[in-house]
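Visitor: Residue numbers (this note's numbering): 2 to 126.
It is possible that part of the hints are untrue.
[As the list claims (entries may be wrong)] The calculated lysine to aspartate or glutamate pairs, modelled on EDC-like cross-linking and capped at a C-alpha distance of 20 Å, are:
| id | residue 1 | residue 2 |
| --- | --- | --- |
| 1 | K94 | E10 |
| 2 | K79 | D61 |
| 3 | K34 | E58 |
| 4 | K79 | E115 |
| 5 | K79 | D23 |
| 6 | K79 | E58 |
| 7 | K94 | E77 |
| 8 | K79 | E116 |
| 9 | K94 | E45 |
| 10 | K34 | E10 |
| 11 | K79 | E45 |
| 12 | K34 | E77 |
| 13 | K94 | D42 |
| 14 | K34 | E96 |
| 15 | K34 | D22 |
| 16 | K94 | D23 |
| 17 | K94 | E113 |
| 18 | K94 | E47 |
| 19 | K94 | E107 |
| 20 | K94 | E31 |
| 21 | K34 | D23 |
| 22 | K34 | E45 |
[What the hints assert, rightly or not] FRET-style restraints, in silico, Cβ to Cβ:
| id | residue 1 | residue 2 | range |
| --- | --- | --- | --- |
| 23 | G52 | L106 | 28 to 34 Å |
| 24 | D103 | N37 | 35 to 41 Å |
| 25 | S40 | F64 | 18 to 24 Å |
| 26 | E84 | D20 | 31 to 37 Å |
What the hints contain is simulated information worked out from the structure, not anything from laboratory work. All figures in this text were calculated on a predicted structure; none of them were measured in a lab. Heads up, the beta-carbon is just placed ideally off N, CA and C, and yes, glycines get one too.
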Amino acid sequence: MSNYLVAMEAAWLVRDVEDIDDAIGVAVSEAGKRLNDQSMDYVEVEVGATGCPACGEPFDSAFIAAGTALVGLLLEMKVFNAEGEEHAQRIAKSEVGGALRDVPLEVVETIEYEEDEEIELGKDE
Numbered sequence: 002m003s004n005y006l007v008a009m010e011a012a013w014l015v016r017d018v019e020d021i022d023d024a025i026g027v028a029v030s031e032a033g034k035r036l037n038d039q040s041m042d043y044v045e046v047e048v049g050a051t052g053c054p055a056c057g058e059p060f061d062s063a064f065i066a067a068g069t070a071l072v073g074l075l076l077e078m079k080v081f082n083a084e085g086e087e088h089a090q091r092i093a094k095s096e097v098g099g100a101l102r103d104v105p106l107e108v109v110e111t112i113e114y115e116e117d118e119e120i121e122l123g124k125d126e
């Protein structure tokens with residue numbers, strides 16, 4: 002049995018916004034509230050990053066058209082005592098998906114770690 006850090010991307014719609022920063026704030030706040038309502042405060046929520054197609058530099062995953070924003074959120078959760086990577090991913094998607102009904106989720110990264118180890122996604126070990 003192993004421990005894993007599972008990162009998922011969620012597509013969050015925010016209606017009636019004019020500014021990217023407002024859309025990001027609303028998306029993070031709404032997702033956090035829905036998770037906290039289910040006592041899932043152990044899930045980290047932040048805005049995702051998308052690479053620029055021209056230069057590759059990351060920028061916030063948010064787009065506004067017609068007063069409606071699509072915000073890409075990054076959700077991270079630690080899964081303990083999973084039988085393997087795929088099992089950890091299923092557990093994470095099931096837990097988070099139950100709290101965030103009707104929100105598309107996709108696993109973007111999974112890292113195995115030791116219980117006493119500090120772990121960050123996207124960093125070389």
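Visitor: All hints are to be evaluated individually against the structure, with a verdict given for each.
Guide: Structure-based check of each hint:
Restraint check for K94 and E10: the C-alpha separation of about 10 Å stays at or below 20 Å, so the hint holds. Among the hinted pairs, K79 with D61 is inconsistent with the structure: their alpha-carbon atoms are about 24 Å apart, more than 20 Å. Proposed proximity of K34 and E58 is contradicted: the alpha carbons are some 30 Å apart, above 20 Å. For the hint linking K79 to E115, the alpha-carbon distance of about 11 Å falls within 20 Å, and the restraint holds.
With a C-alpha separation of about 29 Å, the suggested pair K79 and D23 falls outside the 20 Å cut-off, and the hint is violated. With a C-alpha separation of about 28 Å, the suggested pair K79 and E58 falls outside the 20 Å cut-off, and the hint is violated. With a CA separation close to 11 Å, the supplied pair K94 and E77 stays within the 20 Å bound. At most 20 Å may separate the alpha-carbon atoms for a hinted pair to count; K79 and E116 meet this at roughly 10 Å.
Under the criterion of a C-alpha separation no larger than 20 Å, the hint pairing K94 with E45 is consistent with the structure, at around 14 Å. Of the pairs offered as hints, the one joining K34 and E10 holds, with about 17 Å between alpha carbons and a cut-off of 20 Å not exceeded. About 10 Å separates the Cα atoms of K79 and E45, which keeps this hinted pair within 20 Å; it holds. For the given pair, K34 sits about 15 Å from E77 by alpha-carbon distance, which is consistent with the 20 Å threshold.
For the given pair, K94 sits about 15 Å from D42 by alpha-carbon distance, which is consistent with the 20 Å threshold. Simply put, K34 and E96 have alpha-carbon atoms about 15 Å apart, close enough for the 20 Å limit, and the pair holds. Restraint check for K34 and D22: the C-alpha separation of about 18 Å stays at or below 20 Å, so the hint holds. With a CA separation close to 27 Å, the supplied pair K94 and D23 exceeds the 20 Å bound.
Straight-line distance between C-alpha atoms of K94 and E113 comes to about 16 Å, which keeps the hinted pair within the 20 Å bound. With a C-alpha separation of about 17 Å, the suggested pair K94 and E47 falls inside the 20 Å cut-off, and the hint holds. Of the pairs offered as hints, the one joining K94 and E107 holds, with about 8 Å between alpha carbons and a cut-off of 20 Å not exceeded. Distance hint between K94 and E31 is fulfilled; the C-alpha atoms sit about 18 Å from each other, no more than 20 Å.
Note on K34 and D23: the hinted pairing holds, with a Cα-Cα distance of about 16 Å set against a maximum of 20 Å. Restraint check: the Cα-Cα separation between K34 and E45 comes to about 12 Å, which is no more than 20 Å; the hinted pair holds. Our hint of 28 to 34 Å for G52 and L106 is violated, since their Cβ atoms are close to 20 Å apart. Remark: the range hint 35 to 41 Å for D103 to N37 is contradicted by a beta-carbon distance near 18 Å.
Our hint of 18 to 24 Å for S40 and F64 is violated, since their Cβ atoms are close to 32 Å apart. For E84 paired with D20, a C-beta distance near 45 Å fails the hint of 31 to 37 Å.
Comparing the model with each earlier hint shows violations of hints 2, 3, 5, 6, 16, 23, 24, 25, 26; every other hint is respected.
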